[in-house]
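Chemist: Protein chains in written order, with numbering that gives the first Met the number 0: chain X, 0 to 181; chain P, 0 to 273.
Just so you know, these hints were derived from the structure itself, not from any lab. Check each hint, because a few of them may be wrong.
[To be verified] Below 20 Å or equal to it, Euclidean Cα-Cα: the simulated PhoX-like pairs (lysine-lysine) are: (1) X:Lys144 <-> P:Lys11; (2) X:Lys144 <-> P:Lys99; (3) X:Lys144 <-> P:Lys211; (4) P:Lys244 <-> X:Lys69; (5) P:Lys214 <-> X:Lys144.
[Unchecked claim] So the derived label-pair ranges between C-beta atoms look like this: (6) X:Lys163 <-> P:Gln75: 50 to 58 Å; (7) X:Phe39 <-> P:Pro118: 52 to 60 Å; (8) P:Ala103 <-> X:Asn145: 33 to 41 Å; (9) P:Thr239 <-> X:Lys158: 52 to 60 Å.
[Unchecked claim] Derived list of chain X stretches under chain P, where covered just means 3 residues or more per stretch with a C-beta under 8 Å from a C-beta of chain P: (10) 47-59; (11) 73-80; (12) 139-145.
Just so you know, these numbers come straight off a predicted model, no measurement behind them. Positions of the beta carbon are idealized from the N, C-alpha and C atoms, including for glycine.
One-letter residues, chain by chain:
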Amino acid sequence: MVNFLFRVTLHFISISLFLSIYFINQKICFVYKINEEFVFLEPYASYFMYLLIPFLLTSIALFIKKWLAKEAYDSNSITKIENADDNFLPNYLSYIFVSLGVTDFISFVIIFFILLVFTWYLQKSYFNPLLLIFGYSFYYVTNDKNKRALFICKNPIVKGNKIKKIRRINDNTFISLEKKHG
Amino acid sequence: MGSLVAKTKGKKGIIYKILRTNIQLIQDSIKGLSTIDFNPSYKLEDDEIYRIQNFSKTDYCSTFLTGSFSSTNYNQIKVSDYEKLDYLCFVKSNKYCFQKFSKATQLLQKSFFELSNQPQLVTKKKIIIVNNNFDAYYNKSKDCLYFVNFVKAKSIFKKLENLYREATNKEVNQFLSKSFVELKHNYSSEKVKTANRKRIAIAMDTWKSFDKKEKIEIVAYIKKYCENVPCTKKAFQVSTEEHLKQVLFGIEQRYYTTLIGKEKRLANSILQID
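Please model the complete structure; the sequences and the hints are all you need to start from.
Modeler: In structure tokens, the structure reads:
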């Protein structure tokens, strides 16, 4: 259950960038109700909020990560380490370009749902650019049993250095809860 | 912290990770037991345990035990996989404790409640029971496999069958080279299967207890009951497992004729009554 919630949250954060850019581009302001009246929030405040929501969701996801399934990893068995920080940049740029290209609301809704479904089924590595801002780095690590997995850690991965407090996000993605050294 | 993993049945069985825990789920202690190098003809005493040394260098070892252990190597188990489990393994500090999984006794759907002043009944929950004892225990730092029951160890490490084969070859060869046995159609000691190997072990002892006259009588007795086994004047022509089995049953005198009706029968098991 925790695992499912975590993945849904991370997934939504990825898509929320698409949403935020669309709303900002279309100059849609956040609306709320006070005493039976609909009030529009000031534009810049709205945009700020759109950008803030993914941050808040990421914080929530990071809060619940400690309840994910625990794992053990023998770092002496590492055969290959690849940094994956910029691997997904093309994906994110394409989200931005697509949302900038969408002009009417119907197209937006349809494309949004298509993206949602595609990325849920196709995404095997739970990459989220906001994690970079929180201090995490992404590494593709291969070991002597030929298993290649994405590790999300604050500390660089070095062969022989124990990776502590690993949690499983899915069968190919793992996150380390360890705080940054030094 | 240790990891509990499990393997599913069949040749295409995969190892899955189940969970990690601080509790020693399957006991790994062999304290107080004397270790004896495995030998099929030696029967263990109560305070003894078989061992196979340098296990990783033998052909019977599996790739699971070689190299390092990382629970991240294995996919997380799904609910549908529990039905197909072959064995469990608890790994902690380079010690692997294996337990053969029996669906009938370890995968249960019971109604239960905790001991409490206000018990809450839990129903319709399927549970897995993990027993305390190991069926096989591998200590990586000593590179030694320990087990009490060879059949259970063999069901976990399928290749151990070959160890049994090699260990009993001498006995099988001895039996097959006896004067009353003649091998035909390329039947040889390599082809003799486990069931017959076990019977040979017992039959050899029985045969040794006969004197010359009794040996001749037994051969005649086998000829009388085992009409399916072709024979010459001197020897039985054994070319299949079935032939060998019948000859071995004959040595054990399992064939008899009923008093009324003169029916020829084969006893399923023997109990001596005096």
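Chemist: Does each hint hold? Answer for all of them.
Modeler: Here is what the structure says about each hint:
no., hint, result
1, X:Lys144 <-> P:Lys11, "holds (17 Å)"
2, X:Lys144 <-> P:Lys99, "violated (24 Å)"
3, X:Lys144 <-> P:Lys211, "violated (61 Å)"
4, P:Lys244 <-> X:Lys69, "violated (53 Å)"
5, P:Lys214 <-> X:Lys144, "violated (58 Å)"
6, X:Lys163 <-> P:Gln75: 50 to 58 Å, "violated (20 Å)"
7, X:Phe39 <-> P:Pro118: 52 to 60 Å, "holds (57 Å)"
8, P:Ala103 <-> X:Asn145: 33 to 41 Å, "holds (36 Å)"
9, P:Thr239 <-> X:Lys158: 52 to 60 Å, "holds (56 Å)"
10, 47-59, "violated (count 0)"
11, 73-80, "holds (count 3)"
12, 139-145, "holds (count 3)"
Consistency note: the structure conflicts with the earlier hints numbered 2, 3, 4, 5, 6 and 10.
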